[in-house]
Amino acid sequence: PATTATEVSVGKSTGDRLSCNTTSFQKKSRSKLVSIPGTRPSVQNGQLIVSTGVTSLDYVIGGGLAVGTLLLIEEDRYDSYSRMLLKYFLAEGVVCGHELYVASAQDHPSDIIQELPSPILDDIASPKPVESQTKPCDPEGPDTMSIAWRYQNLPKVQTALASSSRFGHYYDVSKTMDPEICQAARCHGFYLPEHSATVSPMPEAYVALLKNLQEVIHREGFDGSLPQTKSRNVLRIGLHSLGSALWGDDLCCRDNPSHGHALTTLLYGLRALLRSSLSVALVTVPSHLIQNKALMGRITRLCDTAVALESFRGSERETNPLYKDYHGLLNVCQVPHLNCLVCDLPDNKDLAFKLKRKQFTIERLHLPPDLSETVSRVSHGGLAGAAMLGSSGCGSAGNKHLDF
Amino acid sequence: MLLEVLQGTEAGGFILLQDTVSYSGRHLLKSYISTALKREEEVVHVLGFEACEKEFRDGLDRTNAQRLHFHNAYSDPLGWTGNSAFTVHQFTLEDVSTLIKQTPQAKAVTLVIDSLSWILRHHDPAAVCQRLQALKKGGAVRTVIVLVHTDMHQRGTVGSIRHLATSVVTVAPGTRGLGAVAKTTRRTKSGKLMQDEETFSINEDLSVTIHSKLSHPGHTHVNTDETEVDPTANLTFNLRLSDTERQAKEKLALPFVFSKEKKSALLQPGPGSGRILYEPDANDDYDQEDPDDDLDI
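Protein chains in written order, with my numbering: chain A, 1 to 404; chain B, 1001 to 1297.
Hints should not be assumed to be uniformly reliable.
[Claimed, not checked] The calculated lysine-lysine pairs, modelled on DSBU-like cross-linking and capped at a C-alpha distance of 30 Å, are:
{"hint": "1", "chain 1": "A", "residue 1": "K211", "chain 2": "A", "residue 2": "K324"}
{"hint": "2", "chain 1": "B", "residue 1": "K1192", "chain 2": "A", "residue 2": "K354"}
{"hint": "3", "chain 1": "A", "residue 1": "K175", "chain 2": "B", "residue 2": "K1189"}
{"hint": "4", "chain 1": "A", "residue 1": "K358", "chain 2": "A", "residue 2": "K324"}
{"hint": "5", "chain 1": "B", "residue 1": "K1038", "chain 2": "B", "residue 2": "K1192"}
{"hint": "6", "chain 1": "A", "residue 1": "K356", "chain 2": "B", "residue 2": "K1192"}
[Said to hold, decoys possible] Covered stretches of chain A, going by a simulated chain B footprint (3 or more residues, C-beta under 8 Å):
{"hint": "7", "region": "76-85"}
{"hint": "8", "region": "288-301"}
For the record, the hints were derived by calculation from the structure and aren't laboratory data.
Where is the CB? At the ideal position from N, CA and C, for every residue including glycine.
For reference, chain A alone in the conformation it holds in the complex (with noise of 0.2 Å):
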C-alpha cells in the first residue's frame, strides 16, 4: 500500500514514549510533526493513529487507527454491539474536537449524534491502579494466605488488555452526552431517505454516498485543498450497515446478489478518498446476513482493519458457563500492514468483549480452574493452610483464595 498522506518522520525514534508521563524526556520534533489533537504517532510504525473511543479495541487491532484507513465492523445479529462501537467512536470524535461525517439508511444522523455516550472527563484514560497494593497483611482475614503470604499483594492476572500509555477516553453509557458538546461538534450527516425521495436502486445511493463524501471532504479541506492558515483537523467517518437493504443493495437479499460489485466498488472508492485526505472511516456491515462467502472475504480484504463481532444474546450459548461473564466474542479478522512489513499483535486470538456501564472490556478468554464441589480440597483457615494452587497462576476472579 502506498504511504498516506500523513505520514510523520520520526527521525529520532528513541523518544516514543511521548505520552508515558514517567519519563521527562521530550522528543525535539522539528515542525514537519502534524500536531492535530486527539491524534498522536504509532509507536510501532510512526503512522498518525486516533483512537476508536474503546481503548482495549485500540489494543487489539495495534494501537489505535490510523489516519486514512478504514476499520470494518461486522456486525453481531441483533446490531447492538456494532452499533455501540460506532458511537463510541463518534463520541470520540467529538470530545477529541474532530468533525464527523455520519450516514445512516436506518436512522437520521442527528439521532444517533444524540445518543452518543456521555464522556467521563475526570479519569481520562488512566488504568485503574491495583487496590491491593498496600493491604497490610492480616491473619484473620479470609484473604489472607498463610504460607505464601509474601505474594499477598501482588496483583492478580491481568486479563484486561490495555497499553501503558495514555489515549483515548472512557464514556459512560448510560447517560447521553450533552447537548452543548454534541452541537460544539461539527458535524455533517447523509441520511438516505431524505437524498432520494423515491426508493433507490442500487447502486445509485452508493454513488450519492461517495459523491457526497467527496464533496465535504473537498470543501472543508481536509484534503489539503484550503490554504494552510487553516488549522488541520481529522474527520471522522461513521458509516451505519453498509449493504444492507435499506441502502438498496441486494447483497444480503441474494444469494446470487444482481449488484455484486456495488458495495466493493463503494469501499475501494471511500479507501481511496480516505488515503488522500486526513480523514479516518468505521463502516459496519450485516454480514451474519451475507450468504456469499466470497464476497465477504472480498470486502474484508478491501478494508484495512476488520474486526467480527458475535454476540451471545438469544444464541444458545447465553446459558454456556464459560461464556457467563461476557457478552459476545470478538474476532480480529484483519489488520494493515502499513509501511511496514510485520505488524504488531497481542497474540492472543480468542477475546472476549463485556459492555460494562464506564467501559467495553475486551479481554482473553479464559478457562477458569476446576473448582467443582466434587474436587476433594478442603479449606480450613489457620495456620496449617490448605493444599490449593497459587493464586498467580490461575486468572479466576472467584471469590474463593488460594494458597499453596
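Using the hints, position chain B against chain A.
Below, chain B without anything else, positioned relative to chain A:
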C-alpha cells in the same frame, strides 16, 4: 410473550409472523387482528393477497367489523383486468398512505399484510425492505403486522426482513400434538432483547390459549449426577484423618511463619526493595583502592 407482542403502544412497531407449510400462521394473524379490533378507536387495514374477504372475515367479531378495512388484492393482484382494488405494484408509500387516508378519524392504524411473500415475489427484496422501513417510520401507521412464508424465500431475504422487525414470532407445529409452538423474539427500543418459546392453541373465538412455556432451548447445562468415585476408599492404607488427627495437624506450627507485625513490615514496600547488607569478615580484604590504578597504559 406471545400476547404481549401486541401491547406496545409506541409507534414504529413491526411484527413479523413467520410460518411454514407445516403450520399456517394465518390463524394467529387473525387472532392478532381481533385483539387489535377490540381496542377502541383502532382501525385495521388489511392488504389481502392470499385469502378472499369472506374467508378472512370469517370468525372475526361482527360488532367491530366496520373498523376492519379489507383491500382486495386477492382477485386480481397483478392488475390484469384493469380494475383491481389493489395490486402488488401499488405497494409503495404513497399508495398505501392514500389507502390509510380513507379513514382519517382513526386514532391508531394497524396495517396487516397477508402475506408479504406475494410482494417479495414481484418486487426486489431490497426495495420491499426500504418501503417497509418507510412505512414504519412514516407515522401514518402505528403498527405493521406482516406474514411471511419462510420456505418460499431465500434465507438472506427472510433475514433482511427480520432485521427490520421489532418483534418476530415463528410458528411451527407442536411435537406432542398439544398445539403449535411459537418462538417469540422482542427487541425494545433501548436494545434489550427478550426471547420466549411457548405452546399455544387458538380457540373458536380467535383467542389464544398458552399451554406451557418451554424452557429456554439453549439450556444445555447438565447437572452431573454421576457420583464421583472417592479415591480414598477401598485402600489397604489409611488416607483419611480422624477428628483428633485433623486438630493436631492444624495446631502444628509451620516453620518460617512470622508474627503479624513482621509480616506487615515485610510486606510494606520499603525505600529499597533490595538492600545488600555486607559485614566484612576478618578475612575479607576490604580495600577501597582500585587495584587497576597502577596500570600504566
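To see whether the hints hold, each was checked on the structure:
The suggested pairing of K211(A) with K324(A) is violated, with an alpha-carbon distance near 45 Å, which exceeds 30 Å. Distance restraint check for K1192(B) and K354(A): the Cα-Cα separation of roughly 15 Å lies within the 30 Å cut-off, and the hinted pair is therefore satisfied. At roughly 16 Å between alpha-carbon atoms, K175(A) and K1189(B) fall within 30 Å of each other, so this suggested pair holds. For the proposed pair K358(A) and K324(A), the alpha carbon gap of about 19 Å is at most 30 Å, so the pair holds.
At most 30 Å may separate the alpha-carbon atoms for a hinted pair to count; K1038(B) and K1192(B) meet this at roughly 29 Å. Between the alpha carbons of K356(A) and K1192(B) the distance comes to roughly 15 Å, so the proposed pair stays at or under 30 Å and holds. Under the rule that three or more residues need a Cβ within less than 8 Å of chain B, the assignment of the region 76-85 of chain A holds, with 4 such residues. Coverage of a stretch by a chain is defined here by at least three residues with a beta carbon nearer than 8 Å to that chain's beta carbons; for the region 288-301 of chain A and chain B the count is 4, and the condition holds.
Violated hint for the displayed structure: number 1, the only one.
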